[in-house]
Structure formats: structure tokens, C-alpha cells
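Construct the complete structure from the given sequences, taking the supplied hints into account.
Each residue of the sequence shown is one higher than the one before, counting from 1 in the numbering used here.
Read the hints as simulated data drawn from the structure, not as lab findings.
Cβ atoms here follow ideal geometry from the backbone N, Cα and C, with glycine treated the same way.
Just to be clear, a hint being listed does not mean it is correct.
Said to hold, decoys possible - For lysine to any residue, the following SDA-like pairs were computed, each having C-alpha atoms within a straight-line distance of at most 25 Å:
| id | residue 1 | residue 2 |
| --- | --- | --- |
| 1 | Lys101 | Lys58 |
| 2 | Lys50 | Lys101 |
| 3 | Lys58 | Gly18 |
| 4 | Lys2 | Glu75 |
| 5 | Lys19 | Leu64 |
| 6 | Lys101 | Asn37 |
| 7 | Lys19 | Ser129 |
| 8 | Lys115 | Glu43 |
| 9 | Lys58 | Asn131 |
| 10 | Lys50 | Lys2 |
| 11 | Lys108 | Ile41 |
| 12 | Lys52 | Asn8 |
| 13 | Lys58 | Ala11 |
| 14 | Lys99 | Tyr15 |
| 15 | Lys2 | Gly17 |
| 16 | Lys52 | Glu75 |
| 17 | Lys53 | Glu75 |
| 18 | Lys90 | Asp118 |
| 19 | Lys101 | Asp134 |
| 20 | Lys90 | Tyr15 |
| 21 | Lys2 | Asn131 |
| 22 | Lys61 | Glu43 |
| 23 | Lys50 | Ile28 |
Said to hold, decoys possible - Using C-beta positions, here's what the derived DEER-type ranges look like:
| id | residue 1 | residue 2 | range |
| --- | --- | --- | --- |
| 24 | Gly38 | Ser129 | 19 to 25 Å |
| 25 | Glu117 | Glu49 | 19 to 25 Å |
| 26 | Ala78 | Lys52 | 29 to 35 Å |
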Amino acid sequence: MKIVIDTNLVASAIYFGGKPEKLIDLLINQRFDAYTNGVIIEEYDATVEKLKKDYPDKTEKFALPDIIAKMHQIEITAEVHVCRDPDDDKFIGCALDSKSKYIVSGDKDLLAVGKHEDVEIMTVGDFLSENFPDE
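As C-alpha cells, this is what we get:
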């Protein structure tokens, strides 16, 4: 199964745990294939760096380079203009180019799209209950 993981879930997994931590644990254990690209990685990095400054006493549950190492990096060729926040179109483009079935996100602008072509956009809770109900 191929997915794209939004920045807010990567950052939440690193610093706050919960369902995003479970998602990243499944990624680390190669239970699905996740796809990303350079622009998304830059956003992951900027967000994690900001959280490091905002929460200096928090222990990271995962290291961002370890997460990225488990993802497939691709180049985006799809031009997408469907999100009310154009900055989120990169996730849909990545999903289309990687032929991913899902974008897993907590971002309201992405979730509002719901589905684009063959890509379903869903919360981490919905993704886990639909694909990993016994875990």
C-alpha cells in the first residue's frame, strides 16, 4: 500500500505521540510504503526545527532523518491546483505521481478535498482503523 504523510502527522509523531506515532511506527516497520519529495522534506524539516525551539525540553520519539530514510523520494511532475491552501497541493501531486492510494493528514484544507482522482485523503485515525484495525 502506498501513502503520502502530511507534515503535521510527522511532526506530531516526533513530539507528541498518539495515533501519528503509531503511523510512523508502522512506516518504520515497513507495513506500507510512504512517498515524499524534496519540497515536502523541506517542510518536514522546517516544522520539526520550529517545534524543537518551541518545546526544547521535549524528547523526540523519532529522528526525522530515520523517518525520511524509510520513505521513497520521488520527483513531482503532476501540476495540481485543488486545495484551498495552494501550499498543500504538493501532497496531492506527490500522491498522484507515486500512485499512492492515500494521503494521511490532519490538515483541514487537505481533508476538505476528501478525494482527488484515485487518492483518498483521510485522518490518521480513519487510516489506521481502515487498514490496521487489529493493531
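Each hint, compared with the structure:
1. In summary, the hint linking lysine 101 to lysine 58 is not supported, as the alpha carbons are separated by about 33 Å, beyond the 25 Å threshold.
2. Distance check on the hinted pair: lysine 50 and lysine 101 sit about 30 Å apart at the alpha-carbon level, beyond 25 Å; violated.
3. Our distance criterion of 25 Å between C-alpha atoms is met by lysine 58 and glycine 18, whose separation comes to about 15 Å.
4. For the proposed pair lysine 2 and glutamate 75, the alpha carbon gap of about 16 Å is at most 25 Å, so the pair holds.
5. For the suggested pair lysine 19 and leucine 64, the alpha carbons sit about 17 Å apart, so the restraint of at most 25 Å is met.
6. Simply put, lysine 101 and asparagine 37 have alpha-carbon atoms about 17 Å apart, close enough for the 25 Å limit, and the pair holds.
7. Under the criterion of a C-alpha separation no larger than 25 Å, the hint pairing lysine 19 with serine 129 is consistent with the structure, at around 10 Å.
8. Annotation: proposed proximity of lysine 115 to glutamate 43 holds, straight-line Cα distance about 23 Å (limit 25 Å).
9. For the suggested pair lysine 58 and asparagine 131, the alpha carbons sit about 30 Å apart, so the restraint of at most 25 Å is broken.
10. Simply put, lysine 50 and lysine 2 have alpha-carbon atoms about 28 Å apart, too far for the 25 Å limit, and the pair is violated.
11. As the CA atoms of lysine 108 and isoleucine 41 are separated by approximately 20 Å, the hinted pair is consistent with the 25 Å bound.
12. Taking the CA atoms of lysine 52 and asparagine 8, the gap is near 14 Å; set against the 25 Å cutoff, the hint holds.
13. Between the alpha carbons of lysine 58 and alanine 11 the distance comes to roughly 12 Å, so the proposed pair stays at or under 25 Å and holds.
14. For the hint linking lysine 99 to tyrosine 15, the alpha-carbon distance of about 29 Å lies beyond 25 Å, and the restraint is violated.
15. For the proposed pair lysine 2 and glycine 17, the alpha carbon gap of about 22 Å is at most 25 Å, so the pair holds.
16. For a cut-off of 25 Å, the pair hint linking lysine 52 to glutamate 75 is broken: about 28 Å separates their Cα positions.
17. For a cut-off of 25 Å, the pair hint linking lysine 53 to glutamate 75 is broken: about 30 Å separates their Cα positions.
18. Only pairs whose Cα atoms come within 25 Å are accepted, and lysine 90 paired with aspartate 118 is accepted, the gap being roughly 16 Å.
19. The suggested pairing of lysine 101 with aspartate 134 holds, with an alpha-carbon distance near 20 Å, which does not exceed 25 Å.
20. With a CA separation close to 24 Å, the supplied pair lysine 90 and tyrosine 15 stays within the 25 Å bound.
21. Restraint check for lysine 2 and asparagine 131: satisfied, since their Cα atoms lie roughly 12 Å apart, inside the 25 Å limit.
22. For the given pair, lysine 61 sits about 19 Å from glutamate 43 by alpha-carbon distance, which is consistent with the 25 Å threshold.
23. Distance hint between lysine 50 and isoleucine 28 is fulfilled; the C-alpha atoms sit about 23 Å from each other, no more than 25 Å.
24. Distance hint for glycine 38 and serine 129: a CB-CB separation of about 32 Å, inconsistent with the stated range 19 to 25 Å.
25. In this structure the supplied range 19 to 25 Å is violated for glutamate 117 paired with glutamate 49, their Cβ-Cβ distance being about 33 Å.
26. Separation of alanine 78 from lysine 52 is about 32 Å and conforms to the stated range, judged on CB atoms against 29 to 35 Å.
Checked against the numbered hints above, the structure breaks hints 1, 2, 9, 10, 14, 16, 17, 24 and 25 and satisfies the rest.
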